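Given only the sequences and the hints, what does the whole structure look like? Please build it.
Protein chains in written order, with my numbering: chain A, 1 to 592; chain B, 1001 to 1229.
In short, the hints are calculated from the structure, not lab data.
Since this is a predicted model, take the numbers as computed values, not measurements.
Don't take every hint at face value.
[To be verified] DEER-style ranges, computed between Cβ atoms: (1) B/I1034 - A/Y91: 33 to 43 angstroms; (2) B/E1158 - A/P372: 40 to 50 angstroms; (3) A/P372 - B/D1200: 50 to 60 angstroms; (4) B/F1182 - A/L574: 29 to 39 angstroms; (5) A/D163 - B/I1034: 49 to 59 angstroms; (6) A/P372 - B/K1132: 28 to 38 angstroms; (7) B/I1034 - A/N161: 29 to 39 angstroms.
[As the list claims (entries may be wrong)] Covered, in the sense of this in silico footprint (three residues per stretch, anywhere, with C-beta under 8 angstroms from a C-beta of chain B), are these stretches of chain A: (8) 192 to 205; (9) 348 to 362.
[What the hints assert, rightly or not] Residues from chain B shown here face chain A by an in silico Cβ test under 10 angstroms; the list is partial: (10) N1086; (11) A1175; (12) R1188; (13) K1192.
We treat Cβ as the ideally placed atom computed from N, Cα and C, and that holds for glycine.
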Amino acid sequence: MKKTQEALTKKSWVVIKIIKSFLSNLNTNKSSILAGTITYLLVASLVLYPLATLIFNSFGISVINYSPTLQTYTNVFADINNWIALKNTIYIGIVATFFALLFGSSLAWITTRTNFKYKHFVSFNVFLTLCIPSYVYAVAWIDIFRRNGRLDRTLAAIFENFDYTFNTYSLGAVIFVLSINMYPIVFMAVSHALNNANRSLEDTSMLSGATRLKTTFKITLPLIVPTIFSIGLFVFSRVIANFGVPAALAFPSGIEVLTTRVLSSLNNLQLQLATTLSVLLLAISVAVFYWHKFVMKNRRYTTISSSTSKPQLIELKKSKIYVTILIVVFQFLTSILPFITLSLTSLVTRSHLPLTFENLTFSNFTGLFQNPIALRGIRNSITFGAVGATIAIIIGLGIIFVSYKTKMLGRKFIETVASLPMACPSVVLGIAAILAWSSSVVNIYGTPWIIIITYISLFIPIVLKNLAGIIESQDPSLDSAARVNGASRLRTFRDITFPSLKGGIFSAGLMAFIIALREIPISLLLFSYGNETIGVLMFNMRSDFGGTEFVSAISVLVITLTVILRIILKQVALKRKNKKNGSLGEYYANSN
Amino acid sequence: MVLVSMFALVGCGAYTNDVATEDNNVDNVKKDEISTSWTDLKKPHWNNRLAIPDATQSVTALAITSGIEQIFNYDWAFFEAVSSNNAMLLKSNSQVAEKAKNGEVDAGFLPHDGVLRSINKDKKDGIESPLKIVWPKEGAISIQRPIGIIANESRPNENTVLSAEFIDFILSTEAQEIMSKFGFISVRTDVKLPKGVPNDVHSTVVDWEHASENEENTRSTYEKIMGGN
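So, in structure tokens, the structure goes:
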């Protein structure tokens, strides 16, 4: 295993070296065409080919078999269970989006428009919420609400003969966890819109005699409705793409959504059903995602704040204490409490034992680094994430170069294709990879590369979103100056454009790495013995190897690592001083 | 799981036998509640206290489901009762043991080997396991744990020579004793039963051929009964 790892890092170094020498040695215009062609080929084979294979396969067409049919789809629609899964998917999508919008935008309004005091507390909790992966939230939910869980045991200690009957596993649980997981994104987007909206409009309305309530509904709300609508569509597309939460919180009650149904059909060796369901899920996600992009694009930026005068903050007066209590309690319950409960469980020898001094141990954490399977999982996630991010950055740079610095045919098309995985549920990417990379033509199933390649396609959009913003704000005359002095397009890109992209590249790499630490469906579908990841370890909890306390320890580790990486990310963003750019990439990275 | 549809299987057989049993978490269970037969799990006092491996998520669970189906002579009343007891459906056998261990449920059924390993691991760490295996009166279900060898068309020699060697090794006393240590029941008569499995354990024989023919029906009936409870 170690050898494979070494070979892996070696291979990626070789790739980097080749590209480096390629960039420095070739200086003609021909070389930019060559670089463009390589980029086209890479995007076509890593992104377009798997997705096309998936879609063709759903119609019965593959490399080895040509028998076009619609039977696959009629079969899917003939089974009532698929309809139920579809209905559940849409249901959790709509309701979780509603609550995420409600929590996120009211918090945003309170922190930007009122004299609410504890704004730092709010941003700290939003930050912590972003650091907790959705599946870890589900684990925490179970830890608190299960029979003999934290809540049950506490209540039993207080009341005698207490009968705990709460249903831990339901669609309601899925909706609750996902709306908590998603509200920070809404908060970020709406805060941004509120900060950018011209407040003198609101001040004018107040001066003209409108009440605070009327101003909020007649002036403020219309200003941010487009933002709310577009971010709502985005949240919806991420909620229906989620796999880990419904798998943990709905499956045990026999309730399925589309993503979990894809997995169960695979477990029943029904690859065709999994394929067709994936295409359906893909179609819904892509439609919603591009609707969101369309709304974003056509958003009316009414005004951009230019006044230097500080706008009037709304006095909360009597209600202040209630608002404060409500927010503090809500955020404590949704970000600090999950972390505390997981930490407690990770510190007892066995989760069924009471929290007493003699049951306290660090062995669950030391075990992570002693148990060969756990250690391998952690190492794999780090390696796959690092290698995947590096290659995604190189390809992303190629796409940026072709798209912004050349006039090659089809450059915008290739950028669109490379951004597609952003709209794809990870489960779908996994199924596409199985079909594309384990055929009789190409077969890398069972190697780490099938996971890494899928990670690359997942990461490229993050790189693109991070870099496009920077490059658009660059003065084109810098390029012209270099070109007039005889530098080739590629040389100009290397010496003029690239240095300013460094910060963006670093951020993109960190975001990709954070996703690799929490990602479940891709590695779950594609791993084989020796290629387990952190996600696989968390998902496949076993009583004879590592149980509840072990999964809690991994969860605490993942949260801690994410907090560290996010603090670094924040520092980089502060240095770059352009928070706005790449925000969609940031939402995307945050919602995975 | 996908491999099977992609490659041909050269060898596939019963190398180890496995007994599906009921599993009780005794700490939370009153003495008179303890199940001694499959039908005991139908009793209403198990409401919200049961977990079973889900046949739509695990192939072993599907095999166990077929076994139970045959024990009850294709009468699904057992699963209907388990469903109305709101049994938790879990993605793997070992999760049933885990949920019973952490007290989330008090009983369930799963192959005994995972339970034995869990008990042994606790013992090694100096902790008394809350799990106890109960062997049902009607008989435990004996299910096969097959080992597959994947053929590689580009290496015809290895396909025959190496696989034959591997099969010989797997069936040897040495290998079967390793299996027994992991809790599996050996196909050899000269290998002792794993510790924790009584010598007089009674098990039923499942008609696998019929189970396999009937698979689609088993699955769809199961889904209809257990879905969305």
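Against the structure, the hints come out as follows:
The given range of 33 to 43 angstroms is respected by B/I1034 and A/Y91, whose C-beta atoms sit roughly 40 angstroms from each other. Taking 40 to 50 angstroms as the suggested C-beta distance range, the pair B/E1158 and A/P372 does not conform, at roughly 27 angstroms. For A/P372 paired with B/D1200, a C-beta distance near 38 angstroms fails the hint of 50 to 60 angstroms. For B/F1182 and A/L574, the hinted distance range of 29 to 39 angstroms is not satisfied, since their beta carbons lie about 54 angstroms from each other.
For A/D163 paired with B/I1034, a C-beta distance near 20 angstroms fails the hint of 49 to 59 angstroms. In this structure the supplied range 28 to 38 angstroms holds for A/P372 paired with B/K1132, their Cβ-Cβ distance being about 30 angstroms. Judged by the Cβ atoms, the range 29 to 39 angstroms given for B/I1034 and A/N161 is violated: they are separated by roughly 21 angstroms. Taking a C-beta to C-beta cut-off of 8 angstroms, the region 192 to 205 of chain A contributes 0 residues in contact with chain B, too few for the three needed, and the coverage statement is violated.
Coverage of a stretch by a chain is defined here by at least three residues with a beta carbon nearer than 8 angstroms to that chain's beta carbons; for the region 348 to 362 of chain A and chain B the count is 5, and the condition holds. Look at B/N1086: its Cβ gets to within about 8 angstroms of chain A, closer than 10 angstroms, so that hint holds up. Of the supplied interface hints, the one on B/A1175 is violated, with its beta-carbon coming no nearer than about 18 angstroms to a beta-carbon of chain A, more than 10 angstroms. A distance limit of 10 angstroms between C-beta atoms decides the matter here; for B/R1188 the minimum to chain A is near 24 angstroms, and the interface restraint is violated.
Hint status for B/K1192: violated, given a least beta-carbon distance of 21 angstroms to chain A, over 10 angstroms.
Against the hints set out earlier in the document, violations occur for numbers 2, 3, 4, 5, 7, 8, 11, 12, 13.
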